[in-house]
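Enquirer: These protein sequence lines are chains B and V, in that order.
Numbered per the working numbering, the first sequence spans residues 598 to 745.
Numbered per the working numbering, the second sequence spans residues 598 to 745.
I should point out that these hints are in silico values taken from the structure, not numbers from a laboratory.
One thing to keep in mind: the hints can contain errors.
Which copy is meant is left open, because identical chains are indistinguishable; a pair holds if it fits in one copy or across any two.
Claimed, not checked - Cross-link-like lysine-lysine pairs, in silico, BS3-like; alpha carbons within 30 Å at most:
hint, residue 1, residue 2
1, 744, 714
2, 744, 665
3, 744, 631
4, 689, 631
5, 637, 737
6, 631, 666
7, 637, 666
8, 737, 631
9, 737, 665
10, 744, 666
11, 637, 665
12, 666, 689
13, 689, 665
14, 637, 744
15, 714, 666
16, 665, 714
17, 689, 737
2 protein chains.
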Amino acid sequence: MPKPRPKTGDAKRAQARGVKLPATVARRAPAELKYVPWNKVELEELNPLLQRQLVVGQDIMVARVLLKKGCVVPEHSHPNEQLTYILEGALKFWVDGREIVVRSGETLAIPRNMPHKAEALEDTVDLDVFHPPRADWINKTDQYLRKR
Amino acid sequence: MPKPRPKTGDAKRAQARGVKLPATVARRAPAELKYVPWNKVELEELNPLLQRQLVVGQDIMVARVLLKKGCVVPEHSHPNEQLTYILEGALKFWVDGREIVVRSGETLAIPRNMPHKAEALEDTVDLDVFHPPRADWINKTDQYLRKR
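Produce the entire structure from the sequences given, and follow the hints as far as they go.
Expert: Right, dumping it as structure tokens:
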């Protein structure tokens, strides 16, 4: 049986009660209009081959992920649904027993809790959409990305 | 008081009980890995100035929206959170009492139920992310887009 995932509203209610949240649940952002040029968003350098920018809504997070050729994202999983859209370059994924190369103009939808690994076959600009927003990326507790 | 929005799991449970769903709630897709090149996705022509492609996950939908210069999206609102990322061109939005031009490389996060109108100032490629997926786009009941 899969573990029931936390609902996005749970974080706010739990915090209001002073309950410590599991590390995978992000505090829900306020519902507000946000106009954000990407060039005003912090470009976070996770390791010499990997940079990232985040725009976080209430229940959606969009990340621009910049991977240099040869960058490896080690196998990991998360309770967040993921939809990857490759804007430039190509990523090879190992997921669900398959090897899939996702190229510019292609998408990959990865269900929650499905382990996956990726490697950049070229310098790549990857747009990753998550629901709910990823607490580990927001809180910078994503150690699996910060090693080489 | 804002009307409580339907939760995404509600659709499946309601359908299992034979309950007729409101038109804004999409049937939840199965949790499956999907590898989708955009050039294999149906390009739907909504009107002579507006085309659209959809990739639908469980709780996330991503749409590539192609707008010709002068295309107007009339004011509307929806219970789905929206995050717009302009890949090419420029859209002018009327939203929350403001006029905001969102250009290539910029994003706009629109909270659920916030009315908005848009006009393409140039030929535009717009990536729209929604949570939950938009039933009116999936079911083709989005008449507001099908008129000129």
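Enquirer: When the hints from earlier in the document are held up against this structure, which numbers fail?
Expert: Per hint list: zero violations.
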